[in-house]
Amino acid sequence: MSVARYWREIPRRYRLEAGKCSNCGYIAFPHRLVCPECGSRKFEDYRLKDTGKIVSFTTIEVGPTEFSDQVPYNVGIIELGDEVRITAQIADADPKDIKIGGKVKLEFRKIQQDGHAGVIKYGYKAVLV
Amino acid sequence: MREVAIIGVGLMKWGELWKKSFRDIFVEAALNSIDDAGVERIDSMYIGCMSGGLFTGQEHIGSIMADYLGQKHIPAARVESACASGGLAVKMGFLEVASGMSDIVLVGGVEKMTDVDGGGATAALATAADQEYEVYNGITFPGLYAMIARAHMDKYGTKREHLADVAVKNHSNGLHNPNAQFQMKISREDVLNSVMVASPLRILDCSPITDGAAAMILCDLETAKRISKKMPVRILGIGHASDTIALHNRKDLTTLNSTVKAAQDAYKMSGVKPSDIDVAEVHDCFTIAEIVASEDVGFFEKGEGGCAVSDGRTQIGGQIPINPSGGLKSKGHPVGATGVAQVIEIVEQLRGNAKERQVENAKTGLTQNMGGSGGSSIIHILKGEE
Ligand SMILES: [Zn+2]
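Sequences listed follow chains A and B, in order. Quick note, the first sequence lines up with residues 6 to 134 if you use our numbering. Quick note, the second sequence lines up with residues 23 to 408 if you use our numbering.
These are computed hints drawn from the structure, not numbers from a lab. Don't be surprised by glycine CBs; every beta carbon is placed ideally from N, CA and C. Hints may contain errors.
[What the hints assert, rightly or not] Here are some of the chain B residues that sit facing chain A, going by a computed Cβ distance under 8 Å: (1) A148; (2) E154; (3) E156; (4) N159; (5) T162; (6) A168; (7) R172; (8) L275.
[Said to hold, decoys possible] What the simulated footprint calls covered on chain B by chain A, stretch by stretch (three residues with Cβ under 8 Å from a Cβ of chain A suffice, anywhere in the stretch; the number is not a length): (9) 133 to 147; (10) 219 to 227.
Given the sequences, and given the hints that come with them, work out the whole structure.
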């Protein structure tokens, strides 16, 4: 992954920065230029809540090359407190303890790595609370 | 708009085709469709292909295929909508004939997936999802459909066995399809004991990696009646819709809104309703996908799709036979070719030409071709022209 491509997403991945539609309140994560709900082009800065609940989940046994050293690992769709949904790994959890509706919080974690000399990539992972 | 008919179809044996190149497989299927239609010229060509670049390093696909098909200087374009690229090619060909721009159009689909290793294929397929906000965090395509499956099981009580029965049925149908990649009978136990890929989905819930191509000849109905030696099959209606690229941005994971919307539009355009459909090919890239699609196109109430499979309502001879070809599961899933091959199966069914897998008295058929985790869906409704 090129450094520029990685760098430009840092505000979202490190700090959960989003946009809130000034007209209807829709929260866009990542940011958007136009609101999909009302068509407004005006957004205010907004920071996502970092707690939420599990909507659905899976345990990946066969992973992409970048994640092959992490299998098996859990991934879920998480609905945060402000009803924004994201896809994130559910870290440090036994699959038996993961339930739809289960409560989680987001933590800043290492996500993947481009070989030995490439970009080390960080972002959010969910942990059970 | 002019009425549009399919007058020729061409397939080839799908599989891991080590000896055949990207261009070879497309030209083989295209020549079969030209021979089946008995036409001497084609005016234009559309080819569905998801990722020639990532799978083989080749782009500019319209021109290379027209060149090797011996069709000097015809307009030829590659169209892409992930795994719905083939369905999109059919739609584009329809529009070109309906508009009067061309009279005889070849629509095809192709994917050569085995020139890269498993990791390369997984990465190429993953480009159909949101790279920065889904794939970045480690999700895979089996993983996305696994989350749909778990949500469907949680909300409607769909059982693991229901998913397995989709694979069992489709492999049973595929036994009678000489072009299928995996002509093998499997049992429910085989599926339930196969290796886990992304819980709750196992390897026998997943469609395979396949090399393959498919092609058809479209022309206006008046010309079709004049020149076609076989029964022309009319394209009665088309629905084509998109949805959020990321699965997590959908309020309900158990419904694919692009399929619901595309179905509504296709039924409206064709003037038929779900109960008028005699046979259907739907996009079973994973077993759960067939269950969800069978509900979203209106064959069953929401949540009934799992029971419907296990009760035999979707087998040949049942209430609404689904995937008599063997589906993506057994036939294989060369992503760009799939949408075209689905329409070809319905043409064979409506012509009464499907032999051991023939659905009795099939007059009207439907195909549903899906891109990604439901980011696009294309539906065609077809009728034999007596
Ligand atoms: Zn808005």
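Per-stretch coverage check for the region 133 to 147 of chain B, three Cβ contacts closer than 8 Å to chain A = It holds, with 3 qualifying residues against the three required.
Classify the hint on R172 of chain B as holds or violated, based on whether any CB of chain A lies nearer than 8 Å to its CB. holds, 5 Å
- [ ] Go check the region 219 to 227 of chain B versus chain A for me, would you? Three or more residues, Cβ under 8 Å, otherwise it fails.
- [x] Holds: 5 residues of the region 219 to 227 of chain B have a Cβ under 8 Å from chain A.
Evaluation of the interface hint that places L275 of chain B against chain A, nearest CB under 8 Å: holds, 6 Å
* **Satisfaction of the A148 of chain B interface hint, Cβ to chain A closer than 8 Å** => Nearest chain A Cβ about 7 Å off; hint holds.
Chain A contact restraint on E154 of chain B - CB to CB distance below 8 Å: holds, 6 Å
Exercise for review: Using 8 Å as the Cβ threshold, decide whether E156 of chain B counts as touching chain A.
Suggested key: holds, 5 Å
Review point. Does N159 of chain B pass the interface check with chain A, least Cβ-Cβ distance below 8 Å?
Key: holds, 5 Å
Does the CB of T162 of chain B sit less than 8 Å away from some CB of chain A?
At about 6 Å, which falls below the 8 Å cut-off, the nearest Cβ of chain A leaves the hint on T162 of chain B intact, so it holds.
**Asked** How about A168 of chain B: closest beta carbon in chain A under 8 Å, or not?
**Response** holds, 4 Å
When the structure is compared with the earlier hints, no violation turns up for any of them.
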